[in-house]
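J.: Here are the chains, one letter per residue:
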Amino acid sequence: MSKISIPLGPQHPGLKEPINFGLVLEGEQIDKATVNLGYNHRGVEKAAEERTYIQDIYLIERVCGICSHSHVTCYITCVEEIAKAEIPERAKAIRVLVGELERIHSHLLWLGIAAYEIGFDTLFMYVWRDREHVLDCLELVGGNRVHYSINTLGGVRRDITPEIKAELLKRIDILEARTKYYTTLATEETTVLARTQNVGVLPKDLGIRLGACGPTARASGIARDVRKDEPYLIYDKLDFKLITADTCDVFGRVVVRVLETVESCRIIRQVLNYLPEGPISIKVPWKIPEGEAVNRYEAPRGEDIHYVKGNGTDKPERVKVRAPTLANYHAVPHMLEGGWLADVPLVIAAIDPCMSCSDRALVTDRAAARSAVWSWEEMRRNGIEFYKRRGVDFSKVTLK
Amino acid sequence: MKKKIPGRALGEAVRQLFKKPATSAYPFEKAKLQPKFRGRIAFEQEKCIGCKMCVRVCPAKAIEIVLSADQPAAPAPVEGQAPAPAKKKFDCVIHLDRCVYCAQCVEVCPKKALASTDDFELAQLDRKALRRHYK
Ligand code: SF4
Ligand code: SF4
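Heads up: the sequence lines are chains A and B, in that order. Residue numbers 1 to 400, in the working numbering, belong to the letters of the first sequence in order. Residue numbers 1 to 135, in the working numbering, belong to the letters of the second sequence in order.
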């Protein structure tokens with residue numbers, strides 16, 4: 001049979017994220033797959049250099065809409081490390097609390113999307129209905145459903161009062177019961193099994209070689225979790241299980257995520273009962289001394305890495321974000337190859353991708369064998385030139 | 001291998017038929033907000049001293065503090081004392097389209113002149129209305 005190649009994305013009804021996959025098909029089976037990134041570069045890192053550390057909290061939060069707390073916590077830990085500020089224990093506990101609420105919110109969101117990609121809309125609706133509980137919890141703690149903005153330099157901005165604690169405990173009980181129901185549903189329902197078993201297989205050795213992380217790696221039997229490997233905040237004081245699966249397919253990824261959600265409920269209960277008395281933040285000067293720090297954080301999608309370099313002013317010299325999706329991209333072509341076209345959206349969704357988190361720019365000139373980092377102005381100028389060539393009218397824009 | 005059960009969600013689906021809908025009838029019904037919601041920023045002119053800390057911390061360059069058009073007159077000079085300068089008055093301009101509702105300005109204001117409100121219905125048909133000038 002002759003082979004045909006088709007592009008999938010960056011805009012495609014079966015794909016919600018701006019990314020492009022080149023698929024070579026033999027009939028309905030995928031012979032070869034390649035991945036192309038770079039459709040949603042926003043220049044967040046560059047913008048971070050132009051803002052103060054405090055302003056960057058809210059900028060970095062917007063690297064991702066779902067793991068907003070993960071990115072900020074990772075970034076702010078770096079800043080506090082450079083400033084040599086030891087934050088109070090209560091602040092650490094609240095950061096963990098919000099982090100785990102966020103994990104529940106992200107995993108339930110993913111379960112809904114996976115159900116939708118399977119074509120099981122009933123499950124999608126129920127999961128998202130119950131997800132409202134955790135969004136309400138986050139609004140209660142932070143003041144907003146998505147960008148909770150709980151972190152500040154030297155601690156957290158809002159405290160957990162006894163009323164909030166009681167409400168959270170009540171909601172967590174509901175969430176735990178519901179998640180347990182979804183666990184049985186997802187592992188026993190024939191439709192789910194038929195669509196997920198032996199689909200998008202990533203063998204363990206390949207996963208290690210390609211550097212997969214988070215639930216994608218854990219579903220391939222790779223027991224990696226920053227919370228266990230290098231405990232940060234108060235994770236060393238908490239009792240929770242590292243969930244893995246050995247089926248290496250989409251089914252494994254479903255199982256890992258639902259069981260992790262149950263673990264998160266347990267963690268939240270422990271944190272609420274532990275919550276030490278004391279202040280929730282300390283004062284950190286706006287000017288951060290010279291120095292650099294790199295930190296890891298287990299975001300819902302995997303290992304998130306931030307690097308911050310301070311130069312003695314109130315603005316960072318460099319901020320570098322490595323979002324977990326970037327580590328998981330490389331595995332996707334391998335998961336797709338040999339599979340069926342109809343499974344493509346599900347396999348891609350199974351790594352829980354977040355494209356705009358991951359797009360960063362570095363200019364590499366192969367001919368001249370040089371790579372360079374552009375300044376903000378250069379980037380802006382190049383962007384404008386690019387769109388002018390495509391016929392976009394800039395006559396009403398004032399160009400500096 | 002686990003057992004396979006077709007139609008596992010059927011019982012749940014039937015039960016839902018007799019339950020209240022989970023959705024609310026917004027906009028006919030008011031949306032329920034949690035107590036510490038961060039909405040539109042409100043400004044109290046009497047308290048503001050014009051220190052512009054809020055402008056410095058705003059990540060979105062959404063807030064401006066400007067001198068009011070009409071300034072109060074200097075207090076009448078008291079005999080035997082140096083003439084006191086007039087207390088300046090400031091206006092606050094907030095660009096609702098740029099504001100990300102982080103409430104960092106509220107937190108940093110030394111005089112508590114700014115506050116988060118419950119107002120979140122801020123969409124406008126006229127773009128100019130997004131520039132709120134508090135006098
Ligand atoms: S921080 Fe408060 S007192 Fe200072 S200018 Fe802003 S609103 Fe006025
Ligand atoms: S809420 Fe945040 S974005 Fe809005 S004006 Fe205040 S500091 Fe700026």
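Quick caveat, the hints were computed from the structure, so don't treat them as lab data. Among the hints, a few may not be true.
To be verified - In the DSS-like style, the derived pairs of lysine-lysine whose C-alpha atoms are separated by at most 25 Å in a straight line are:
#1 Lys283/A <-> Lys87/B
#2 Lys315/A <-> Lys32/B
#3 Lys20/B <-> Lys283/A
#4 Lys170/A <-> Lys52/B
#5 Lys19/B <-> Lys170/A
#6 Lys52/B <-> Lys20/B
#7 Lys36/B <-> Lys283/A
#8 Lys111/B <-> Lys170/A
#9 Lys165/A <-> Lys19/B
#10 Lys165/A <-> Lys36/B
#11 Lys180/A <-> Lys111/B
#12 Lys112/B <-> Lys396/A
#13 Lys180/A <-> Lys30/B
#14 Lys315/A <-> Lys30/B
#15 Lys287/A <-> Lys111/B
#16 Lys170/A <-> Lys112/B
#17 Lys283/A <-> Lys32/B
#18 Lys287/A <-> Lys32/B
#19 Lys61/B <-> Lys320/A
#20 Lys287/A <-> Lys61/B
J.: Now, for every hint given, state plainly whether the structure supports it.
T.: Hint check:
no. : hint                  : result
1   : Lys283/A <-> Lys87/B  : violated, 31 Å
2   : Lys315/A <-> Lys32/B  : violated, 39 Å
3   : Lys20/B <-> Lys283/A  : violated, 48 Å
4   : Lys170/A <-> Lys52/B  : violated, 42 Å
5   : Lys19/B <-> Lys170/A  : holds, 21 Å
6   : Lys52/B <-> Lys20/B   : violated, 50 Å
7   : Lys36/B <-> Lys283/A  : holds, 23 Å
8   : Lys111/B <-> Lys170/A : violated, 37 Å
9   : Lys165/A <-> Lys19/B  : violated, 28 Å
10  : Lys165/A <-> Lys36/B  : holds, 15 Å
11  : Lys180/A <-> Lys111/B : violated, 49 Å
12  : Lys112/B <-> Lys396/A : violated, 40 Å
13  : Lys180/A <-> Lys30/B  : violated, 32 Å
14  : Lys315/A <-> Lys30/B  : violated, 42 Å
15  : Lys287/A <-> Lys111/B : holds, 23 Å
16  : Lys170/A <-> Lys112/B : violated, 34 Å
17  : Lys283/A <-> Lys32/B  : violated, 34 Å
18  : Lys287/A <-> Lys32/B  : violated, 40 Å
19  : Lys61/B <-> Lys320/A  : holds, 23 Å
20  : Lys287/A <-> Lys61/B  : holds, 20 Å
This entry does not satisfy hints 1, 2, 3, 4, 6, 8, 9, 11, 12, 13, 14, 16, 17, 18, going by the numbered hints stated previously.
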